[in-house]
Every structure is written in C-alpha cells, then in structure tokens.
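Colleague: Keeping the supplied structure of chain A fixed, place chains B, C, D and E with the ligands upon it in accordance with the hints.
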Amino acid sequence: MEHIRVTSKGSVGKSILLVLILGAVFFAAVKLINLDMQKFYERLENVPVVLSRMMAVDFSIVPDALLNIVTSLALALLTLVVAVFLAMFLSFLAASNIAPNRYLAIFIKGFFAIIRSVPSLVWGLMVIASLGFGNVSGFVAILISAVGYLTKTFTASIEETGSEIIEAMKATGASWFKIIYHGLIPLCITAFVAWITVCFETNVSESIGLGIIGVGGIGLLLTQAINTYNYAQTTTIVIMICLLMVVLELVMTKMKNKIKFGNS
Amino acid sequence: SADTANKGWPEELTLVQMPNENNPNAASMHTALRDHLSKELGIEVKEFEGGSYAVGIEALASGNLDVMLASPMSYYQANQLAGAELLVTPQVEGYEYYTAFITKKDNKEINNMEDLKGKNFAFVNAASSSGYLYPKGTLVQEFNLDPDSVEQSGYFFENVTFSESHPNSVMGVMMGDFDAAAVAIGQLDSMIEAGTIKEDDFKIIGQTQNIPDASYIVRGDLPEDFKNALKDAFVSFEDEKYFEAVHNDPKARFIATEQDYYDPTIEMLDAINALEEEAK
Amino acid sequence: MNPLLSIKNLVKVYGKDTRALNGITLDFYPGEFIVVIGPSGAGKSTFIRCINRLVNPSEGKIIFDGQHLEKLSGRKLRKERSKIGMIFQHYNLVGRTNVIKNVLHGQLSSTPLYKSLLGLYRHEDKQEAVELLKKVGLQDQIYKRADELSGGQMQRVGICRAILQRPKLLLADEPIASLDPLSANIVMQQLHTISLEKKLTCIVNLHQVDYAKKYATRIIGIKKGAVVFDGAPSRLTDAMIQEIYEGKESQMTLQGKSGMQLAVGQNDE
Amino acid sequence: MNPLLSIKNLVKVYGKDTRALNGITLDFYPGEFIVVIGPSGAGKSTFIRCINRLVNPSEGKIIFDGQHLEKLSGRKLRKERSKIGMIFQHYNLVGRTNVIKNVLHGQLSSTPLYKSLLGLYRHEDKQEAVELLKKVGLQDQIYKRADELSGGQMQRVGICRAILQRPKLLLADEPIASLDPLSANIVMQQLHTISLEKKLTCIVNLHQVDYAKKYATRIIGIKKGAVVFDGAPSRLTDAMIQEIYEGKESQMTLQGKSGMQLAVGQNDE
Amino acid sequence: MNSKIVPKIPLDQRDSKRTFVIVAAIFAVLIFSVYYLEISFIEMLMGIPSFVMFFFEKFLPPNTENLQQYIPAVIDTLGYAVISTYISTIIAFVFGILISENTNKFKTLRVITRGFVSVLRNIPFIIWGALLVYIFGIGGIVGVLALILVTIGFLSKSYAESIDEISGDKLEALRANGSSYFQILFHGVIPQFVPAWINWTLFAFEINVRASAVLGLVGAGGIGVLIDTNINLFKYGEAITIIAVIVMIILLTELVTNSIRKRFV
Ligand SMILES: Nc1ncnc2c1ncn2[C@@H]1O[C@H](COP(=O)(O)OP(=O)(O)OP(=O)(O)O)[C@@H](O)[C@H]1O
Ligand SMILES: Nc1ncnc2c1ncn2[C@@H]1O[C@H](COP(=O)(O)OP(=O)(O)OP(=O)(O)O)[C@@H](O)[C@H]1O
Ligand SMILES: [Mg+2]
Ligand SMILES: [Mg+2]
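Protein chains in written order, with our numbering: chain A, 1 to 264; chain B, 1001 to 1280; chain C, 2001 to 2269; chain D, 3001 to 3269; chain E, 4001 to 4265.
Chain A extracted, bound-state conformation (with noise of 0.2 Å):
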C-alpha cells in the first residue's frame, strides 16, 4: 500500500530539523541559566506568607492617589495622541507592502529597533540634561518609547492585511496618501484601536517608572509606599491602577466594536 504524505516531503525534514533546532536552543539556554528548580518548589511555600503581608488597604492615601493618577492619565493621554500621529505616518512608511522606498523602510524598522534598544535610564538623562525636570521630559521620554511600540505593531498589521485592498486602489491610480487614506486606514482601523489602547495602558505604566526624571504623579506615590515598606498603601495604589486599567480597557473594547461593526 502506498503511503501518501500529507506534507511534501521535504517541509517534512525542515519542521523536525526546525523543531531541533529550537529544543536545542532551549536547553543551551537552561544549561546556561543553571536553573535550580528544587528551590523553585521549595520556596513557593513562601508565596501566602508574601501575599497575606500585602493583604492590608489604607484608604487614606486614596485622594491624594486620584489626583495623581489624573496626572498620569493626562500624561499618558497626551503621549498617545502625539505617538499615534507619529506612528502611523511612519509605520505607512516602514509595512513592506506599502512602503513608498524599500530602502527607507528597513531604515525606519532598524531605526526603531535602536530606539527601543536603549534603555530608558538612557532616554531619562538625554532628555533631563536637555530640558530639564518636569513634565516635559516625561513627556518626551513616554514619546519615544510609544512611538517605537506603536510603530512596530502598526507596522506589523499593515502588513497582514495583505495586498488586495492595496492593488484596487493602486489600480485607479490613487496616490499613496490616498491609498493609505481611503483603503488601508479603514481596514485597519480595528487592528490600530487594539494597539493604541495597549499603548495606552503601557503608557500609564511608564509614567509610573518615570521617577527618575522628576516625573509627578500615581508613580511617585507608589514608589514612595515600596521605599518605606508601606504595604497597605502600596496594594491600595496598585488596586487602584488596576481597576482604572480594567475601565479603560472596557471602554476601549467598546470603541472598538462600535467601529468593527458600527456603520461605515
């Protein structure tokens, strides 16, 4: 009886040869890390002593947090909004199936994943030795890193929605812009909403990190409970995140359906 392949023969030599070369990769990387999994076991004992310390809440410090946090949210808010205007400019520029310049676009890509590369203490002592404490350099410094998320994730959607939209609208020869305008942003819309209400969430919690460069808000106050061992006030700042987090990714689930099947 003959045996017929469901996969030609040689993709067949490539995924196990694939599939060996990551294994292999894998347990290099165990090898190297020299984990000790019997400590692992052991000390998760720990894990309802830990969490019954964080177990305490201290409302005293919840309106000082939510003025704070409109801190942060104004931050956040105002670096997405930059950040997408930027990002999709250029993320047109960079998605291989649209790119007006092959050249420019790998540029941008290798570009961004620089810009992503340096750290932000990096970013945090470029921008302050330029401008200064305050507001403005947390507002650059969740720039950069926003314009190099959102570039590459809108990038990467542009990029799956495949060429067939493009190829009409090249058809009647409308310009790029245009392309990009009346056939690519429709169709991405939903994709572009996904990202950007990450984007915003990270860019909350970035402003949270952005201490070290005199940054107010909900951060500020956090890092303080951590540094004086707070752990009342530290788990009710952190609730607070949290439930301010869950709202907007209601609302923002919303905004999206609305879009996805609302009408055009």
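Calculated from the structure, these hints are not laboratory results.
Be aware that a few hints might be false.
Label-pair distances were calculated between CB atoms; the ranges are [stated by the list, open to error]:
no.	chain 1	residue 1	chain 2	residue 2	range
1	A	21	E	4066	30 to 38 Å
2	E	4052	A	48	46 to 54 Å
3	C	2123	A	251	35 to 43 Å
4	E	4026	B	1258	53 to 61 Å
5	A	18	E	4066	31 to 39 Å
6	B	1096	A	114	44 to 52 Å
7	A	16	B	1200	28 to 36 Å
8	E	4038	C	2110	53 to 61 Å
Simulated pairs of lysine to aspartate or glutamate, EDC-like, Cα-Cα distance not exceeding 20 Å [said to hold, decoys possible]:
no.	chain 1	residue 1	chain 2	residue 2
9	C	2224	D	3148
10	E	4262	D	3065
11	A	178	C	2125
12	E	4008	C	2124
13	A	9	D	3140
14	C	2016	D	3246
15	B	1203	B	1096
16	A	256	E	4038
17	E	4008	C	2148
18	B	1119	B	1093
19	A	254	E	4038
20	A	256	C	2148
21	D	3083	E	4065
22	C	2134	D	3246
23	D	3223	C	2246
24	A	256	A	160
25	B	1046	E	4038
26	D	3223	D	3243
27	A	256	E	4164
28	C	2168	A	167
29	E	4008	C	2131
30	B	1104	A	42
31	C	2168	C	2125
32	C	2071	A	160
33	D	3199	D	3065
34	D	3071	D	3027
35	D	3144	C	2017
36	D	3134	C	2246
37	B	1046	B	1239
38	B	1227	B	1044
39	C	2016	D	3027
40	A	254	E	4164
Since this is a predicted model, take the numbers as computed values, not measurements.
Where a beta carbon is used, it is the ideal one built from N, C-alpha and C, also for glycine.
Modeller: Below, chains B, C, D and E with the ligands without anything else, positioned relative to chain A:
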C-alpha cells in the same frame, strides 16, 4: 521681583530630592521646605523627586538643576563634572549612618569579618556608596586586599553577586542565596520596622566607618551671595512636622556643610581605586 | 490607427518555475472589446494584472498610450494607471467603508488630497456615482457597508468604481462570475456600450464562451501562458473552443466520459 | 418517503430592517438535486447558510435527518454539520495550508484531534483526497499552498473538501462561478452523479439558468426572500425566468432597452 | 445643470453633529492635559539640538576596551531571554486564545482571563520585583519568572488582538463541516496566525533581551544592569558599546528568524 534681577540671581530654583538608602522618607511630598525657601529667597522654587544620581548630575552640569541631595560619591562626581559645591546637611542627633555586614542568625560558619573569606557575598551595585564602595573599602583596608580583584571569584570571596538593591541583599541572605551581604543600616531598620524581617533573623558581623550624611549640593556657577542666601534659608528652616516626617526626629535641623566634609570619604574611595575613571 | 496598448513578448514567472505567461505579443486598438478566455490556471488573471503593473512582468514591453509602462514608476505610473480602470475577480472593496465612498474611490486620483480627506468630491462625481449605482440596482444600498453586501452586489460596486474612473482602457477579471444572468447581461451590455460610445478599449477575462461570443469584437484564447487563438468571435469554432479548454483536466470526469461538453448553451444548440 | 430536510417558515433579518428571508417553507427529499436561482441579493446565500446554521435564522424550523437544527448547539450541532457538506462562493480555504491538507479538512470531524494534528488521516481518506484532486485536474498542485492557486483552482479544492466529507446533504453557493466552462461542466456533472449514486441531496445556488435546467431535478426560484418558483426544470418557462429575475434592476440598462435578454444561451435557442 | 436647486449628496448617513461633539471632546481633554501638565511644545523643540548634542558629545566615541568582560553578561542575558520567551510564548498563546472572541465563546471565561492578564500587565515592575524577591530570593529562577510575568501580560493581549483579526471566512468552512473546537483552532486559526505569532514572539524576545529594569530589580544581573552601572559611573563610552551589543543581538536574531521563516514556514 525687581531685586532678584539686579543681583543676577536665577529667576527660579530647581531642587531635586533623591531617594536615599538611609532615609527613604526624603520625599518631595512635603511642600513646607519648598514654601520656606521660596519665601526666603523671593523666587519660585520647584521641587522634584529624582531616581538616579547620574540623571541629577547631568542636569546640574547642563544648568537644568540647582540643588540636589547627594551622597559622598555623587558629590564627588558632581563636583568633577559640574563643579557642584556642598551646601547643607540634615543633622539628626544620635543617628549614625553606616553599612552593616550581615549574615543569617543561625549561620555557624560566619561570626566575624574574617569568616567571610571563601563565602558567597553580595554587594548592591558598583555605583552605590553604601552598598559597594564603603564595604569594599572596609574589606580592602582590613584585609589588605587588591582593590581591583575583590569581585573576582576565588580571590577573597567564593563568589560575588550584585543584588541591585539593599532589600534584595537582605532577602538573599535570609533565603540563603548568598552567605552574607553589605546593607545600609537605615534600610535594615526600615525593614524591621515594616515587619518584613525580624531583628533576630540575622546578625551583624561587622560594619563600615560612619558614612557622612547625604548633603544638599548646589551648582557652583550661581552667584556667591545667592548661594549664601540659599544656605541661610535652609538653616533657618525649623518646621518640626517636616523633620519628623522626613528624618523621624522633630529636632533635626539643616546645618551648613564645610567644603571638606566629605574629604575622608573621598580619600577612602581613592584608596580602592574607585575614582580613577572619573578623575580625568 | 495606432494601437492604444501594445504588448511585446510578455513573460511572467512566479517564484522559480511557475511560468504563468510565456511570451505574449498583442496589440489592442481603441474601441476594441476584447474577451480573454482560457482554462483555469492558464494565466488570464496574470496577463490582465501585468498590463497595469499590479504584477510586475518578468520580461517584455507594455506600451500604453505611448508610454512604456514597464519602465514607469511613482507619479508617472499613477498617472497612467488612472487612465486604466480595473474590475477585480474578488471585488477588492474596502469592507468597512460604505458603498458610495467605495465607488468614489474611482475618482481619487483626480481629487486633490485635502478634498478627498474631507470627503469633498466634486458634485458631478457624486451624482454620477449615484446614477451608476442606480443603474446597477443598488440605489437602496448606497450607505450600506461594503462588507454587508451579497457577492453580486459587491461585484456591481466594483464595476461602478472602475467606470467612475472614466478610463481609456478597462480591465476586468471575471466581472460577471457572481452575477445573475440578468445583471450579467446588463453589465456586459453596459461595458459594451461604453466601449462603443467612448472608444474605450475593454479587456475582459471571461469563462462564459457564450457571453464572449455575444459581446466581444475580438476574442483571445490563452492556454498555458501562450496565445492560442486571436480573432473575431465568428472565427471561434467549436473545435477551436475545444482545443483551448481541452487539457489534462478534460480526461477526468467521473464517469470516464471525456469532457467534450462545453458551455451548456452551446450544447443546446 | 420522509423528507431529509424540512424547512418551515424560515425568516432572517439582518440588523434592524434587512429582511433577507421572508418566511420560506420547503421539503427536500433524498437524492434530489435542487438548484436555487434568483436575482443578486435575493437571499440565496442567506438561505443556504441558514440550513447549516452558519447564519442563525431569526425565526422558523429546520428539521434535518429528524433533528431540529435550529435548537442544537455544541457537540450535537457539530455532529449534524458533519453530515452536511458545503462549498463556498469564496472558497474559504486555509490559505497558508497546502492543498491536500485543505481537502482532508473534510474528514476532520471524524478524525481524533491528535491524529489530525500529526497528519495521521486514514489511508483511504488520503487516497480518496488524492483521487478527487486528480479528477479535478490538480494533481500537480497537491503540496502547493492554497493561497498560491488561481481562483478556479481554489474552487476545485473547496469542492474536493466537501465531497471528502461524504455528506448526506451538500450545500453549494455558486460553486462554478469562477470555473471555465469545461471545469464547470465537470464539476456539475460530478455533483450530479454523486447525488444520483449515493442518494445525496444537493442544494446548489446558481446564476446560470442553463446549467440549472440541465442538471437540476428541481428548481427553486427565490426573489426578495420568498419562494416564487418551485418545480421541475421543464416547468421553468421563459416567462417564469423573466419574472424571477425581473425587478427594478431590469429597467435600467443604459440604452433604455428593458433587460429582456436573459442567459445568452437561452437567447440563442 | 438647470436652475433647479442641486440636491446635496451626503457621503454617509451618520449624524455629523455627533462626530463633531466627539472630536470636540477629545480636543478639550487634550487642551486640558497640555494646560494641566504645563507642557510647552516650544520648549520641547528648543531642546532638540541639545538633546542630539548630548548624545554625540557624551556617548561617542564608544569605548570597546572592555568588550570581553561583557561576554558573560551578554550570554546570561540571551539565556534568560530565550527561556522566558519560550515559556511565555506558550502560556500567552493559551491566554490569547482564551481572550479572543474568535476562539472563546464563553463570555465569563473570556472576561476572567482578560481581567487576569490585565492585572498581570498593569502591576508595575517594581511591585513584581519586590514580590518575587520576597518569595523566591535572588537568582536565575527569579530572573526568568520576572521576565515571564512581564512578557505574558503584553504577549497575551497582542496574540488575542491578532487572533481577533483573523477573518471568520476561513474558519466558517471548518465550522460548516462539523469540526470540533480544537480542530478549528489547530487547522484553521493557528495556520493563519503563524505570521503574526512569529512577529510577536520576536518582539517578546527583543523585550526580554533589553529588560534591564526587570532583571535588575530582582538582582539577576544581565546586560541592562551593566549599562545602568556604567552610566551611574559616567562611563558613557562603555555604556554605548553595550547598547550597541544589544542592538546587534536583536538585529541578528531578527535576521536569523526571518531567514528561517522564509525557508521553513
Ligand atoms: N502569487 C502566485 N504565486 C505563485 N503562483 C501563482 C501566483 N498567482 C498565480 N500563480 C500560478 O500561475 C498560474 C496562472 O494563474 P492565473 O491566476 O493567472 O490563472 P487564471 O487563468 O486567472 O485562472 P482562473 O481562471 O482559475 O482564475 C497558475 O498555475 C497559478 O497557480
Ligand atoms: N452580514 C450582513 N449584514 C447585513 N445585511 C446583509 C448581510 N449579508 C447579506 N445581507 C443582505 O441580505 C440580502 C441577501 O443577501 P444574500 O447574500 O443572501 O444574497 P444572494 O442571493 O446570495 O445574492 P448574490 O447572488 O449576489 O450572492 C442582501 O440585500 C444583502 O445586502
Ligand atoms: Mg483568474
Ligand atoms: Mg450569494
């Protein structure tokens, strides 16, 4: 106002607090100090919370920052890079800052500094005064070590870890990830107070010399009379609530700092070759 | 008369070894209504898409309206493309955008950018769009989202878009595949009339030989990437049709009858 | 004989006010070969998709093989669905998967998950898949990725997939829209034969009245969501056809001739 | 056109007033933000030259003297990144499927997973770091855990979004022939998801390679800590060298993955 312009004073003053191993409360949330300085000097004062000395020092150098709270090492760097000068130091009676060498209470093998030889040890990180430079200096002086080899495995310690924070060092010791560590005493106290660890979980087997308090430093290129006015403003600040909240002692005050206040420290840092790179 | 479109030795190779077009040389004149027929996979779509450079040919020349299309790029290519309308096999509408906007996309290339951003198309264009939609029976769907239409409705929107472009050359890849016979006839009739009235050259891929014979002024048969027939509909004999479509595939009907039946219409004759 | 499929008062309303189906009641018997015709937008696709619940009907009953499909869900619905094959207007292949795997998807519901993951389909299934592909002339494309095929090639893969499912009822939404006449005939012939041999009921949406007349044992005409014709092909007179297709759309040919021409094949008769 | 009034042809039927109100509201919020945060865009533009100057003056030329000393940290970083990318890819994949409406019809389960992942993502790094150290101490495991926690939140969400975008058409065919949930998943969703999946996993790897903050917080070392330390000691030349090494690693992985992808997938 009119007279600030005449004297060539800056129109506003930027002040940055740094979180400090020894008093984590040094926070910018208390507006009292800012208001006081502003009133005394007649100019606007902006206060921020910093997170990194490097950032603060670069800001001093570029003129975006005027006054900053700095540890000895940072002062030295700020002085080299930005010509910063010492201004005032918060003085708290009866409280001394030093770094303790700690190990677990039930560790029978380590009872004094000598026993650290051949053990696993943790510093905080290579840029930390209290978590690295001071304890390393103490070890180098006490055991006559080669400062450049201390971190090498098998030279004095079996292995050296950089834990990246004081609490990390403490937890690593408590969990047995390394045998001993150097931790700022202020941090230990805070952790005990918060109940994270207990007094009798660990023992102190040695300590460094006293580390001078973190001081406010000021940009050197400001007018002399402004710096003096600033110093006076700090010294005349007597808000007990502020000192209670930030330094845990209502009677604490700012006192003017002599320019040679940090010299012993700097000598010690020099002895362990910690300064060669910055000296250029 | 000079040809509107001259194609010389067109070759397209996909990947390494799929030779979809194998050296095609043809001239097309203004006002011709050309139907391209050929078995599935023969290269008809590829041929049509090479003309307006949606597919970049591997070799050969495409001279349209005096321009070497294969050499153009950027603004110049766009300008030439705006003179070439195209109707797609899979409609290629912007799904989330409504019907009238999709149709107005046909006028994008001649609308200034800022106006198109604000949706400020010329009133004549909008009016023509509405009229076209009415003609194809979509007057009730003008503000529906394109992805809510039935297959045939989408196809008709695509046709309106191409016509609104007011092109010199119209390419259509199976424009009536999803249409009911009445609509199909209306559409073919309409293309045919426009072609006559405005001296518009149409190149249409079709699977229905009967429609081809009825509307075409010239039929081209493609098989395995090469032209095997080129002439007036009257010259397309049944034997010829059989040769065009016959291939490996014809030996394989279930019952072992070889696939000698062709379009049903012709069998009935 | 009991009907295999009984549809009672089927209604489908999209959104608020698009009444795509307007109360359809029909019985289908084993071995029938039913062709559904009707103008574009009449609700043919919606009708077919309601049967296997890809579209959830707004009202009405669908009784298939003794089961009330409109009430089923989960495993039970899956089981019934596995007895209903479907051929899609837009093929709906998994583009990044190769041809033979796409065909074997027809046997997924009767293959345990782990086996299907490892590609361990039954040998008979694989053999049948290869044979089906050969029959439709795709023996050279077996390991090609589905998204690299031409339109007609994809459609044939979709047909093979549905047949491999060995269904009791076969639904097809314009299965030959993108096929050349030879392939179209082969496909219709094949569906027809299977229907005869295995007493398989086929419900096929078509736009080509000539094909409908040739292959159907029963023709159903739908217009505006309601059944306007139901009977043997011989009873489908030209006047009837005209009535089915005639609508607003027919008044609008460019030249003002009303759309009295129907499928060309019939005009030629 | 004759003298009749030409009827306007609107392009859509939406209430343009509502659109206007929404746009106006967004603008109001933005203006409030600018005002509230006292952000001056002029100041920002003025800062650009010194921003660029700072980089060129301080960070260049790179100091490659100690390049060899970085090797252990580089290898460590790579090891951490590989392990945590692998593990988080798998876990996040499950979460992604549970979150996406395309693949999970149970609303409660979806909402719960969504909430859980959202919490994972929104608890700041410092908190995770502290918790992990208090529970597990210092060492490799903690490093891997920290990275996984941070990556999962991000990856799950990204996967879910990508799965959402996979069109229902292709899956419809499988639904129609009675395939089970998992068969639709494995034979329909996953093959279509592969390109996005590779994309995200690469991005996760990238994040893991440069997750200096996370590894530093739990005392697990790595290349990021090396950069921070060098900057705190004002050794900018060395810092930029290490950054260059990271960039190199990331670009190289991308290159390798892309060539693998072309050949294998
Ligand atoms: N993007 C592609 N990559 C690889 N091969 C392709 C691609 N597009 C088409 N082909 C192959 O090129 C050949 C011609 O395809 P084309 O789409 O031009 O055929 P067609 O004549 O339009 O067929 P149909 O009538 O079925 O639409 C086919 O064998 C097809 O498999
Ligand atoms: N998802 C949807 N949302 C809203 N309306 C829809 C949707 N799908 C179809 N319709 C509408 O329902 C009606 C019937 O559509 P259907 O697709 O069933 O027509 P059809 O008879 O298959 O037409 P065709 O021959 O053009 O394929 C049309 O008016 C169409 O616009
Ligand atoms: Mg084709
Ligand atoms: Mg339909």
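Colleague: Next step is simple, just say for each hint if it's right about the structure.
Modeller: Evaluated hints:
1. A/21 to E/4066: 30 to 38 Å: 32 Å, holds
2. E/4052 to A/48: 46 to 54 Å: 52 Å, holds
3. C/2123 to A/251: 35 to 43 Å: At 39 Å between Cβs, range holds.
4. E/4026 to B/1258: 53 to 61 Å: 57 Å, holds
5. A/18 to E/4066: 31 to 39 Å: Check passed, 37 Å falls within 31 to 39 Å.
6. B/1096 to A/114: 44 to 52 Å: For residue 114 of chain A against residue 1096 of chain B, whose Cβ atoms are near 47 Å apart, the range 44 to 52 Å holds.
7. A/16 to B/1200: 28 to 36 Å: 59 Å, violated
8. E/4038 to C/2110: 53 to 61 Å: 47 Å, violated
9. C/2224 to D/3148: 16 Å, holds
10. E/4262 to D/3065: At roughly 48 Å apart (the allowed maximum being 20 Å), residue 3065 of chain D and residue 4262 of chain E break the hint.
11. A/178 to C/2125: Holds, at roughly 17 Å.
12. E/4008 to C/2124: Cα-Cα ~11 Å, so holds.
13. A/9 to D/3140: 14 Å, holds
14. C/2016 to D/3246: It is violated: about 50 Å lies between the C-alpha atoms, which goes past 20 Å.
15. B/1203 to B/1096: Distance ~18 Å between residue 1203 of chain B and residue 1096 of chain B Cα, so the pair holds.
16. A/256 to E/4038: 31 Å, violated
17. E/4008 to C/2148: Outside the cut-off at roughly 25 Å; violated.
18. B/1119 to B/1093: This hinted pair is violated, its Cα atoms lying about 37 Å apart.
19. A/254 to E/4038: Cα-Cα ~31 Å, so violated.
20. A/256 to C/2148: Holds. Residue 256 of chain A to residue 2148 of chain C sits at ~18 Å (cutoff 20 Å).
21. D/3083 to E/4065: Violated: residue 3083 of chain D and residue 4065 of chain E sit about 72 Å apart, past 20 Å.
22. C/2134 to D/3246: 15 Å, holds
23. D/3223 to C/2246: 37 Å, violated
24. A/256 to A/160: This hinted pair holds, its Cα atoms lying about 18 Å apart.
25. B/1046 to E/4038: Given pair residue 1046 of chain B, residue 4038 of chain E holds - Cα atoms ~13 Å apart, limit 20 Å.
26. D/3223 to D/3243: 9 Å, holds
27. A/256 to E/4164: 11 Å, holds
28. C/2168 to A/167: 19 Å, holds
29. E/4008 to C/2131: Holds, at about 14 Å.
30. B/1104 to A/42: 18 Å, holds
31. C/2168 to C/2125: 17 Å, holds
32. C/2071 to A/160: The hint is violated at about 29 Å.
33. D/3199 to D/3065: Since the Cα atoms of residue 3199 of chain D and residue 3065 of chain D sit roughly 14 Å apart, the hinted pair holds (cutoff 20 Å).
34. D/3071 to D/3027: With Cα atoms ~18 Å apart, residue 3071 of chain D and residue 3027 of chain D stay inside 20 Å; holds.
35. D/3144 to C/2017: 13 Å, holds
36. D/3134 to C/2246: 15 Å, holds
37. B/1046 to B/1239: Since the Cα atoms of residue 1046 of chain B and residue 1239 of chain B sit roughly 19 Å apart, the hinted pair holds (cutoff 20 Å).
38. B/1227 to B/1044: 15 Å, holds
39. C/2016 to D/3027: Outside the cut-off at roughly 53 Å; violated.
40. A/254 to E/4164: 14 Å, holds
In this structure, the earlier hints numbered 7, 8, 10, 14, 16, 17, 18, 19, 21, 23, 32, 39 are contradicted, and the remaining ones agree with it.
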